[in-house]
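Just so you know, the protein sequences line up as chains A and B, in that order. When you line the first sequence up against my numbering, it's residues 641 to 1069, in that order. When you line the second sequence up against my numbering, it's residues 641 to 1069, in that order.
Note that the list lumps identical chains together, so a pair holds whenever it fits in one copy or between two copies.
In the DMTMM-like style, the derived pairs of lysine to aspartate or glutamate whose C-alpha atoms are separated by at most 25 Å in a straight line are:
1) Lys-999 <-> Glu-655
2) Lys-690 <-> Asp-663
3) Lys-1059 <-> Asp-663
4) Lys-739 <-> Glu-1055
5) Lys-690 <-> Asp-1007
6) Lys-991 <-> Glu-842
7) Lys-991 <-> Glu-778
8) Lys-1059 <-> Asp-1007
9) Lys-730 <-> Glu-972
10) Lys-1059 <-> Asp-692
11) Lys-856 <-> Asp-965
12) Lys-730 <-> Asp-965
Calculated directly from the structure, the hints in this document are not laboratory data. All values derive from a computational prediction rather than experimental measurement.
There are 2 protein chains.
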Amino acid sequence: MSVLRLEHGIVLTMEPGAAPVTDGVVVIEREKIRFAGAAAQAPGTPDAEKVDCTGCVILPGLVNSHTHVAMTLLRGFADDMHLQPWLEEKIWPTEMKLKPEDVYWGALLGICEMLRGGVTCFSDMYHFFREGTEAAVEGGIRVCPSGVLLGFLPNAGDLLGEAREFVAEMQGQPRVHPMFGPHAPYTCPDALLERVVAHAAELQAPIHIHVSETRKEVEDSLKEYGETPVQRLARLGVLDQQVSAAHCVHLTHEDRAILVEKGTGIAHCGGSNLKLASGFAPIPQLLAEGAVLGLGTDGCASNNNLDMFEEMLLAGIVSKCVTGDPTAVPAEAALAMATREGARSLGLGEKIGTLTAGKQADVAVVDCRRPHLQPLHNVVSHLVYSARADDVIMTIVAGEIVYREGILERVDEAEVMAKASEAARRLTS
Amino acid sequence: MSVLRLEHGIVLTMEPGAAPVTDGVVVIEREKIRFAGAAAQAPGTPDAEKVDCTGCVILPGLVNSHTHVAMTLLRGFADDMHLQPWLEEKIWPTEMKLKPEDVYWGALLGICEMLRGGVTCFSDMYHFFREGTEAAVEGGIRVCPSGVLLGFLPNAGDLLGEAREFVAEMQGQPRVHPMFGPHAPYTCPDALLERVVAHAAELQAPIHIHVSETRKEVEDSLKEYGETPVQRLARLGVLDQQVSAAHCVHLTHEDRAILVEKGTGIAHCGGSNLKLASGFAPIPQLLAEGAVLGLGTDGCASNNNLDMFEEMLLAGIVSKCVTGDPTAVPAEAALAMATREGARSLGLGEKIGTLTAGKQADVAVVDCRRPHLQPLHNVVSHLVYSARADDVIMTIVAGEIVYREGILERVDEAEVMAKASEAARRLTS
Chain A
641 MSVLRLEHGI VLTMEPGAAP VTDGVVVIER EKIRFAGAAA QAPGTPDAEK
691 VDCTGCVILP GLVNSHTHVA MTLLRGFADD MHLQPWLEEK IWPTEMKLKP
741 EDVYWGALLG ICEMLRGGVT CFSDMYHFFR EGTEAAVEGG IRVCPSGVLL
791 GFLPNAGDLL GEAREFVAEM QGQPRVHPMF GPHAPYTCPD ALLERVVAHA
841 AELQAPIHIH VSETRKEVED SLKEYGETPV QRLARLGVLD QQVSAAHCVH
891 LTHEDRAILV EKGTGIAHCG GSNLKLASGF APIPQLLAEG AVLGLGTDGC
941 ASNNNLDMFE EMLLAGIVSK CVTGDPTAVP AEAALAMATR EGARSLGLGE
991 KIGTLTAGKQ ADVAVVDCRR PHLQPLHNVV SHLVYSARAD DVIMTIVAGE
1041 IVYREGILER VDEAEVMAKA SEAARRLTS
Chain B
641 MSVLRLEHGI VLTMEPGAAP VTDGVVVIER EKIRFAGAAA QAPGTPDAEK
691 VDCTGCVILP GLVNSHTHVA MTLLRGFADD MHLQPWLEEK IWPTEMKLKP
741 EDVYWGALLG ICEMLRGGVT CFSDMYHFFR EGTEAAVEGG IRVCPSGVLL
791 GFLPNAGDLL GEAREFVAEM QGQPRVHPMF GPHAPYTCPD ALLERVVAHA
841 AELQAPIHIH VSETRKEVED SLKEYGETPV QRLARLGVLD QQVSAAHCVH
891 LTHEDRAILV EKGTGIAHCG GSNLKLASGF APIPQLLAEG AVLGLGTDGC
941 ASNNNLDMFE EMLLAGIVSK CVTGDPTAVP AEAALAMATR EGARSLGLGE
991 KIGTLTAGKQ ADVAVVDCRR PHLQPLHNVV SHLVYSARAD DVIMTIVAGE
1041 IVYREGILER VDEAEVMAKA SEAARRLTS
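Could you build the full structure based on these sequences and the hints that come with them?
Next comes the structure, spelled out in structure tokens:
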């Protein structure tokens, strides 16, 4: 039996209330965690492959709860623009040219980046989801894939059928947790959303959807339906399913109450919201009210990377300034959003998100023996306020080491960068 | 004669309006830049040491225009707290215990971090400035050191005398550009500020001072003096000197006009302002009005690192959301703040800040052959929105390679981390 023993590290299980364990050990058996805690309590593992984690923090792998991963191809292609010209003149015309293999290489490029940065699971909504998922399986990362259902497309019904087929086929595949992806309330009429709900309920699959990202979206919804996007999703039964709602920037008090009551997962995308000037999501309020809050990078056209350390930092510091309260969103809360709460927001709280015996062994190891992470007063503060994606030296998904000290074990990174650049050149020329 | 030739890179001179030069070359002779531009125009250098910069961007070294570098010792020691208990219960009592050698090791730790992150010059206001400066000279980085003059100290006069002696002694030393450091308008009475002005004028030395960091500071000034801190500094003649004003968060329209008219350098510390909930500085307005704006990290107790890539990102994206305008503070402006404008803000615009023949050769090389910096649509966007400090593979100060691919040429990094941690333990126990 394959056993991996991470030892001499500082273990952050991220179980609620758990303190960092110095001289900690994590024992992994096949794809699961067998033990995470103090060396003194650890089981003996004579045949284990040992990894010396001296000076390192061992924590749950980070969960990127909202992205469009193949948009790496458009990283830096169009920045500092107003939303409509950005979409209409740059992003959409380029996406029209996308071929399945572009998505494969673009996704793989993003997967390289995420694995290097300790991300072990990501939720991806994009076109050509089969190729995106293939890239994830290839790279060894855990993925929650969903297609993009747009009500205005003439073939919306066919796309839903394809999505259903895909979800049914992928359920139970290792490291793949398929979802339905109706794009957003404003792009999906009631009838389509109701059909999505029926399929999702039948297959017991979650729904991934953009919600209340911009002020305009909420105003338009009020005009057209007399209700906010959240109220509308509640009325249509969408929120009775397991839902991951991306963005949720512009929420009324009642919207927040609905999301909390329904246990809707929220994917807060702070970097994207800032860069696109979408607004400041009410993170401190949502946390205080008990919402299930994860963090997402959004796509690379609006971030411009897939760096969850950056998202933790932003979640930690931006709300402080918005509320004028330096105690808002403490480091512990930001780190929980990137791990445990992110997992819960995707309906994976039982499987991943903490280092707990019996869960899937999705793990990141961060090396603190670096000038910017010394002295080691507080590892949680360091992870949120000072660490960077590059401080990750090992990433483990389902018990498999997929990244170690500069080397991606399953992917030829140079080939991926070359193929993705080639695709990007074709798309943007 | 020692000649260094950086070749096959993308050269960003950061001269106003200059576009990135592909297949660029930078030729360095002794401590100065001899040439920066297209390979086709580059002079022959048969005896040069050649550095292959394929896939890399060659840009001016980053300028950290405001920090308290030895506060690395308190990184992660006290976070997520209100300002007064943070200062009174945590920071000040610990700083009371500081010894000169603590500052030396803490400064050297921060210098290791900065050199690794492409910072070639920093402006430092802190206690035991002789030891801080010694650390900078040791590490090979350029420094603008200033002590901390506090009017309420019984020995404020002696401290000013010491500062004057230090400034006179250090002027003309290579890589050292001493300044006077009256802490802030609210901690310095008029008489002290007037004496500082007299010394600064006589020695032709700049002044580094915190200005209008918090709303309370401005309100208190209006109550006590009937004028804002900026108005008061103008009245006292401070702003007729070369001044670097840190923070400048809470400015009136008239304050901004004064700062622009006087050519006062501003050190915007976005990360610190967010984390301490100080407020959003009016960066787009200041840029539009022609202010001289640099970027600073502030000290590690309020940031918590010395990462200028993070500061560029924040400068680039936060103002967009505050103003609701995604075109505010474009990448080009953020990068200029971290280089050319930062140099100008410290009165060093003639010496550093762009890759221009005749200037000091302060240079950073960023490796873009990494997943998060591909494809290479736009290097300026990448540097601001996607790059990280770790992407720097070479840092050159005054023509000397001080950092190269993981190795600090002048410093024993393991020793520095050990000594700084030891000091931190003593201070906080």
